[in-house]
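Model the placement of chain B on the given structure of chain P, informed by the hints.
Protein chains: 2
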Amino acid sequence: MANIKKQLKFDDVRMRGFKKRSTVNVVLEWLEQQGGKLSSQVISLHQANGRMLALDVVSQVNIPGFPRSMMDGYALIAADTQGASAYNQLPLQVVGKSLPGQGANVKVRTGTAVKIMTGAPIPDGANAVLPVEKVEVDGDSIFVMENVAEGRNIARIGEDISKGQTILHRNRILRPQDIGLLASIGLDKVSVIRQPQVRIVATGNELLSAGNNPDDYRIVNSNGPMLEALAIRDGGHVVSSKIVADDEQSIREALLEDCDILMISGGTSVGEEDLVPLLLAEEGELVFHGVAMRPSRSAGVGVIGSKLIFLIPGNPVACLCAYDFFSGRYLRKLAGKNTEWPYISVLRKLDKKLVSMVGRTDYVRVRLLSDNKVEPLAISGAGILSSTTEADGFAVVPDDSEGYEQDTEIEVFLYDQNGVA
Amino acid sequence: MANIKKQLKFDDVRMRGFKKRSTVNVVLEWLEQQGGKLSSQVISLHQANGRMLALDVVSQVNIPGFPRSMMDGYALIAADTQGASAYNQLPLQVVGKSLPGQGANVKVRTGTAVKIMTGAPIPDGANAVLPVEKVEVDGDSIFVMENVAEGRNIARIGEDISKGQTILHRNRILRPQDIGLLASIGLDKVSVIRQPQVRIVATGNELLSAGNNPDDYRIVNSNGPMLEALAIRDGGHVVSSKIVADDEQSIREALLEDCDILMISGGTSVGEEDLVPLLLAEEGELVFHGVAMRPSRSAGVGVIGSKLIFLIPGNPVACLCAYDFFSGRYLRKLAGKNTEWPYISVLRKLDKKLVSMVGRTDYVRVRLLSDNKVEPLAISGAGILSSTTEADGFAVVPDDSEGYEQDTEIEVFLYDQNGVA
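Protein chains in written order, with numbering that gives the first Met the number 0: chain P, 0 to 420; chain B, 0 to 420.
Only chain P is shown next, with the shape it has when bound in the complex:
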């Protein structure tokens, strides 16, 4: 503690900037190696859609559990329909009715049939169902107009699912129809990989919480609410989102709180007030600090125990960029989702030159134009949050590129979650 306090004194060397920045790819490669499988939890089927199954699910029952009719029609003995046609209608006596959920209290014998509804149990003695369209009805008699083969229109016991069958395998992301399937075999709970527990911290004495008007020299924390929305979108459970003062004790406490992913915004650079990287290095490991990208060059990643800590610049645009590049990807990985961007991408021609620098990755907000072209938005002001709300999406200029000439076709990632641009 003593030595770090000394370091935190007015330190002009540190203010000179990062000694060396890591490339985006080096950080991504490292991130890919991190993060084991999270533990599991049992949840209600109502909450399970989109979650990752933790265990194989084996059915304890047959579906159907009884032979059942697949049609509205007549349960009968197939042999009784031999030779039947529109010109040779064979009569049968209707001796009962089988409805879904109820058996027919009658046995089908030669010369008789039981009226049956879709889903109803096949009565004893019957071995086929003739669809209702294939008979003429006259009181309690029917006239069969078509031959039907044995077993026809009957769902056999276990035909859909057999007892002992593994119906869904672990690591599957559950779909709505899986929820239905799980219910059908008698479950209303399921074991899934728990959601990544996310904490969000915005540092800065100047920050007010949402709902306050910005006043004098204070501004409202916008990174917290934005990161919360992003984390929830990507499958995280946000345990807390709070503002922490720029002091050693408060930041240290925030760094040590239990979770899977901590996103801490502000105080990440190398300025006098930027305590976060120093304290993280003391409490755990500061793996990367300073990335060759624009915006977000002060982004960083560290580890304390099994928790990953993402240093996220305080500038709102840089914050969004750092989330999109690093913490979002890791969060989706832990949540068992596709780690790629959850944005739909389209190809568009640049309406003007887009200049970048070799050795640096650029995250460029762009606007779609009516002539099917795309316009990079003025790059100045990483702090201009409104530029990300005015933008339709973003493009990336990788670090081996100097940018693109006018009319180059580039890939644009659309912010709109509907993909409607």
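Since the hints were made in silico from the structure, they are not lab data.
Please note that the accuracy of each hint is not assured.
To be verified - Straight-line C-alpha distance at most 25 Å; calculated DMTMM-like pairs for lysine to aspartate or glutamate:
1. K336(P) x E339(B)
2. K188(P) x D214(B)
3. K19(B) x E145(P)
4. K332(P) x E132(B)
5. K96(B) x E149(B)
6. K336(B) x E389(P)
7. K106(B) x D187(P)
8. K336(B) x E410(P)
9. K332(B) x D415(P)
10. K19(P) x E132(B)
11. K162(P) x E389(B)
12. K336(P) x D215(P)
13. K188(P) x D415(B)
14. K96(B) x E247(P)
15. K36(B) x D415(P)
16. K241(P) x D215(P)
17. K96(B) x E135(B)
18. K96(B) x D215(P)
19. K306(P) x D246(P)
20. K36(P) x D415(B)
21. K352(B) x E408(B)
22. K241(P) x D187(B)
23. K96(P) x D246(B)
24. K106(B) x D214(P)
25. K336(B) x E145(P)
26. K106(P) x D215(B)
27. K188(P) x E389(B)
28. K241(B) x D187(P)
29. K188(B) x D215(P)
30. K306(P) x E28(P)
31. K162(B) x D215(P)
What the hints assert, rightly or not - Now the stretches of chain P that chain B is said to cover, found in silico as 3 or more residues with beta-carbon under 8 Å:
32. 279-287
33. 360-372
A quick note: this is a predicted structure, and the numbers were derived from the prediction, not measured.
Every residue gets a Cβ at the ideal spot worked out from N, C-alpha and C, and that includes glycine.
Below, chain B without anything else, positioned relative to chain P:
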């Protein structure tokens, strides 16, 4: 009531099937004309991501609200840096410090500078910020090594957002960065279009609720949980999901409950127990009943007041199909989402012939094969829910097609919400 009871008697004419089926397109065209804008509600920013803004949002404040530094460096008078270079370093006296959230209680005069952090207020008298990299520091003095223009590295009042500016327009689907922007101007609530209120009813005396084991002739309601997951995925609020017995009074009550969208599964065909279409026709309007599609030919749509009622076949696969074609689309429309399928589509070659029929739309579950081809799954048994969990997705054969030859490239819609196949 009296006359419908008569109709509900054993009625063999009705059991013969649908007189006429509508095409999928006719139903879709009609659906497109339905559904006005829902009313609005005020919700917390925490819940607002992905929701549709009901009103234009006008900022009551300037952002920034004060001139603030965009860099770590020194606030000074630009004229004092005229002619400065590495070879002509100009000295200034550092007279104070400006930190975020705090003003510097000192005025900058010629020959002086104030140390300043990113985001901190520009002290009186200063008109530019020189980045920290452009000075040499010696105790309380700095030596300026570069000329800086007036206004440089200062964010002006209202540069991001100006008071009175409309920052977001009504009908926008809110994005995470919008949530941040709304917070930054002092809001913690926002007026959005309310979610479509959805009720889900599964009819059938044979149905047990989730958590029960299927027994004897009874089966567990799987359509309810599946439809619930689908409706939530697509932005609906599920008010209730319940099982209703196959009797007139219970179904009538269910039809009359208040909501925007009622999905009622089972009892939709033309069999003896299929009361739903008849009761809907009595209480409101049965607009369509019977669609030229497979599965789901007994699907239908009706109206009671401003509520749309979707008749959904009881067979689980047909249920999923009817949701995908009709109720899901309408729900997404009311929720302000893209009405198109929320499934990623890929092109794949058929590994075998896919046969359909002119005049009928087919919803074909398919499996992706390792050789980049796609296999249609056996079409038999619309009741086989496991076929939709085994399928990777589905393809559609429109009603003007007889199907496709082997090796035809077809569009496959992937069930996996991650688009990972």
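Which numbered hints are broken by the structure, listed smallest first? 4, 7, 12, 25, 32, 33
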